[in-house]
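Student: Each chain is listed here by its residues.
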Amino acid sequence: MTSIAAALTLAGMAALNMGGCATSGGGDGSGSGGGAPGLGNVLGTVGQVAGGSRFGGLGRAGGEAAGDVVTAASLTPRDELAIGQSVAVRLTSRDGVSPDERLNEYVLMVAQTLADSSPGDLQPVAGVLNNDQTVNAYSGPAGYIMITHGALLRMEDESELAGVLAHEMGHVLRQHGLKAIQSSANTGAFAKLGSAAISQQTRINLVGDLSTSFIKEVVDKGYSRDQENEADEVAVRLAAAAGYDPNGYVRYLQRLQGQGQANLFSTHPGAADRVRNLSSLIQREGLGHGQVNRERFQATVLVGRQATGASGQAGAGGQ
Amino acid sequence: MTMSHDRSRRRGGRILVISAGFVLGAGLAVAAKEVVVDRPSLAIRAERSGMDPPVTTVTQGTKLEVLSEQGGFLQVRAPDGKVGWVKATALTARNLSAGNAELVRNADSSGLNTTLAARGNLEEAAQAYARNSGQSTAGVQKMLATRKRLQDHPERLHEFQQTGKVGAGRQ
Chain F
1 MTSIAAALTL
11 AGMAALNMGG
21 CATSGGGDGS
31 GSGGGAPGLG
41 NVLGTVGQVA
51 GGSRFGGLGR
61 AGGEAAGDVV
71 TAASLTPRDE
81 LAIGQSVAVR
91 LTSRDGVSPD
101 ERLNEYVLMV
111 AQTLADSSPG
121 DLQPVAGVLN
131 NDQTVNAYSG
141 PAGYIMITHG
151 ALLRMEDESE
161 LAGVLAHEMG
171 HVLRQHGLKA
181 IQSSANTGAF
191 AKLGSAAISQ
201 QTRINLVGDL
211 STSFIKEVVD
221 KGYSRDQENE
231 ADEVAVRLAA
241 AAGYDPNGYV
251 RYLQRLQGQG
261 QANLFSTHPG
271 AADRVRNLSS
281 LIQREGLGHG
291 QVNRERFQAT
301 VLVGRQATGA
311 SGQAGAGGQ
Chain X
1001 MTMSHDRSRR
1011 RGGRILVISA
1021 GFVLGAGLAV
1031 AAKEVVVDRP
1041 SLAIRAERSG
1051 MDPPVTTVTQ
1061 GTKLEVLSEQ
1071 GGFLQVRAPD
1081 GKVGWVKATA
1091 LTARNLSAGN
1101 AELVRNADSS
1111 GLNTTLAARG
1121 NLEEAAQAYA
1131 RNSGQSTAGV
1141 QKMLATRKRL
1151 QDHPERLHEF
1161 QQTGKVGAGR
1171 Q
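Protein chains in written order, with this note's numbering: chain F, 1 to 319; chain X, 1001 to 1171.
I should point out that these hints are in silico values taken from the structure, not numbers from a laboratory.
Computed from the model, here is a short list of chain F residues facing chain X with C-beta under 10 Å:
#1 Ala82
#2 Arg90
#3 Glu105
#4 Pro124
#5 Ala242
Nothing here was measured: the structure is a model prediction, and the numbers come from that model. Ideal Cβ placement from N, Cα and C applies to all residues, glycine included.
Construct the entire structure; sequences and hints are all you get.
Tutor: The structure is reproduced here in structure tokens:
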């Protein structure tokens, strides 16, 4: 199981796994595994949405340390897009996308609002995984972001959703997913893709291999704790920049922990530290102001909650 | 440095280039001295890579004066006089001259990425992945359709942000 932080990874699509451990097993690319509902992957990976570098590292564009930037120059934007779409194929094929178009559009608009406030030029493609009642979120290259229905049902307001989506974008901005698949195991694929001499069929095959790797390395295994911490910080800053209350993200993590759904918290002692660190950051930098938008969130999501009988009541809800 | 009045518009919506004359990046001239925002909202930031709150946020149709270019970003002045940075990929390659289109692509290849995603195309490699693994593309197509509807109706995002007081609606 991955930690909250770890769970977030779907690599090109990442996931915020609060629930933790659900992502452990698998290999099916789900990141949600069969465990108890966990945010585990909730914040997953949006992957490469758009950003400053060719891999969509949003945060990179402005001149961060060059040595920290993924330099897989062999991946073209179309390769990157294909990987993001393939990860989305994997997840949506398994879990389906909500038939509630209003809900999908709502999630997309929150994601786009965050993207508008990021330093890059993101145009996310987002949706709700309809048949997954665990607590997870995923993101992948080219801005594909998915959140499970189970994760939504345990939220109380729009600021919590914004925090989770922003966490996913954080993985993208920091290129966590790309770094994961640039492991030695894929060195050959990256090298071949960098060759102009390969055929289209070879390119398609290589991109397929990298997509599989992405799912395995990011979705199934999750990110490192350091990466999760980094994405957490981006989440708080990005949500605040977009005008949301960044405390919403913290409240959500606390609620999951309190409900015992975030197995992650019990198995990963560092999770409580994350919450403390985020609260401290918000207070220290005076970020704790912003919109919660509880009413419209509940008006949009409530139908699904009533239909499933899922509980989203516990915890601190924010208003 | 010609004054061309090039107009370009990417489908996903970003910025319309309406007049001319500065040099981007590696010495390639871009026909633009004034740009028009062609997306529901656009954050103008003090720093190119920062995630601090924008110095100002402008909405669709707003004209921005281009002051300079650096590292794939444009420094612009908004109508309220505030100065900051926006990404060069906000410029569309469509309808630009061949040289300028290439410049935009070079400025940041992820711009193409964004454009492709916005078009709603499912890449051949992704189709092959689905076919070879026996998985459906229906879910992804549905997500792309949602994206396209939002792009075709930017007023919906605008209203969303205004009523929620987030994004461009914060001010």
